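Participant: Sequence:
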Amino acid sequence: MDFKFIFFLVAGLLCVVCILASRNQIRATLVLISLFYVFPTGWVFYNYTGILLVDLAIFAALMLGLASGQKIRFFFKEISIPVFVLFAWMFVASSRAMEPGWGYAEISKWVRGYLIFVCLANFIKTEKDLRTVLYTVLAGFAFEALLGIYQWRRGSLGLWFLGERLFRPEWWRAYGTFYVPSHYGNHLMMMLPILLRLFIFYKPPQRKETYFYGFAMLSGFLALYATYARGPWISFATVVVLMLLFTFFKSKLRPKIKWPIAAGIVLGLAFSLKYTDKVIEQFGEQRKTSAMSRIYLGEVAWRLIQDNLAFGVGPGNYELNSPRYVVPIKEYPTEHLSEIVHNTYLLIFSESGVLGIAAFALILIQMCVICFRMFRSNHAIGLNLAIGGAMALLALTISFIASPDIHNEQTLNQMFLIVGMVFACELMERRHAAVQRQLHMQQRRENMQAKQEMQAAAEVHALKNGQAVSNGATPPQPVIGASDTMRDLWPPRRRT
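One gets our numbering by counting positions in the sequence shown from 1 and adding 46 to each.
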């Protein structure tokens, strides 16, 4: 029996025990989702997919939510329509493909990512839930970063049961628990903008949180360098520049802690002095052949697209069809030119057709819009999470130009996880605003009721005074400095 399968069973049983022993069982499942989303560990039984550890946590969260009587939403107007359109069209394209099962396996990866979004959107109810999920995600990121640094300096650590490759073809590059360095680089590149926001632009209640953010960011930066992945490098540098330029337009977006900026400048100069030459080498003649091959792969993909414009060749079926569209080139063997195209947009277009690429583009746009809407928030951690999340998605869209990483389930999971956290913040603010409106309306009703009671009391008092005068009694004299008129008893609201 496969040792990974045994580990999967043991880890699953331990997760069940942890959930049952927890006081807040749904929050425990959120912790497991935030921890396991990045590991490809599980029972992989068909075409690189199967039942992963994160699937058990997702299933447990949904079942516990239903058992508790909570109404679970699976449709959100902000993102669900293009996601469902993509699911449906991928299914149609898969049914026409050479290997339909491979297409259904790709659909299952998208479904897993969307269910992660559903769980976070439904079950993050309080700020404590949000912080628990965020800290778990960042702790997992720190583990991945340290693992990559160890691989860079020492070699594999032996964590095969978490997805680490014991034999790394490019042994000088960091892989983490990912199959290739570019996947790992995208993972680091997406989390680093969030850590940068939390480290410099957010002042937590306890200083030790700032130290943790700084440690995780520094580790992630070194691990990103160790991937030697040029696409994530360029994408990360681009979004950092954009984020810093955008930050200075509003005072609430400016840095809240000054010393990390000075520390970052010093460490950046030290890094530049030691590793600048290595960085320049990655963009020189040494990697020119690899860069040129991507252009030829793109030409093959474009010829395939022109011949399969409507439905594509089916998700996961690109390499089964690409050899027919290869034009021989002396410098590159045919086997190399028939590899998967290193451009996510061309890959989606060639496998799912014009409607598939349109739905995919709309999903990315909607994800960014969800993050942009939170820019108006006054919630400190939610605001910085939204800005960092928007920059992460922007970096990923840039990196997709030179990588086919959309077929990697870890990348899909991370996309939906980040957007799910930001969207949960927005839902929390909506609920808070609704409660405030209810309290305001209740206060207005109470004020109106008190006003009516005072009016009734004044009318009764006036009737008694009129009856006393008609009987020959002396009416009560007004007290100096006081008035029983309604204007003084209930002063009008001052206009602002």
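Worth flagging that the hints you see were computed from the coordinates, not collected in a lab. Here the structure is a predicted model, which means the values were calculated and not measured. Glycine included, C-beta positions come from ideal geometry on N, C-alpha and C. Certain hints may be false.
[Said to hold, decoys possible] Okay, the calculated beta carbon distance ranges per label pair:
hint: 1; residue 1: ALA407; residue 2: ALA283; range: 17 to 25 Å
hint: 2; residue 1: ARG483; residue 2: LEU110; range: 27 to 35 Å
hint: 3; residue 1: PHE51; residue 2: GLY314; range: 23 to 31 Å
[Said to hold, decoys possible] Taking lysine-lysine and the PhoX-like style, the derived pairs with C-alpha atoms no more than 20 Å apart in a straight line are:
hint: 4; residue 1: LYS254; residue 2: LYS171
hint: 5; residue 1: LYS123; residue 2: LYS249
hint: 6; residue 1: LYS123; residue 2: LYS174
Participant: Now look at each hint and say whether the structure bears it out.
Facilitator: Evaluation of the provided hints:
At about 24 Å, the CB distance of ALA407 to ALA283 agrees with the hint of 17 to 25 Å. Separation of ARG483 from LEU110 is about 31 Å and conforms to the stated range, judged on CB atoms against 27 to 35 Å. Judged by the Cβ atoms, the range 23 to 31 Å given for PHE51 and GLY314 is violated: they are separated by roughly 45 Å. Between LYS254 and LYS171, the direct Cα distance comes to roughly 25 Å. Violation of the 20 Å bound is thereby established for this hinted pair.
A threshold of 20 Å between alpha carbons decides the hint, and for LYS123 with LYS249 the separation of about 33 Å lies outside it, so the pair is violated. Between LYS123 and LYS174, the direct Cα distance comes to roughly 26 Å. Violation of the 20 Å bound is thereby established for this hinted pair.
Of the numbered hints listed earlier, those contradicted by the structure are 3, 4, 5 and 6.
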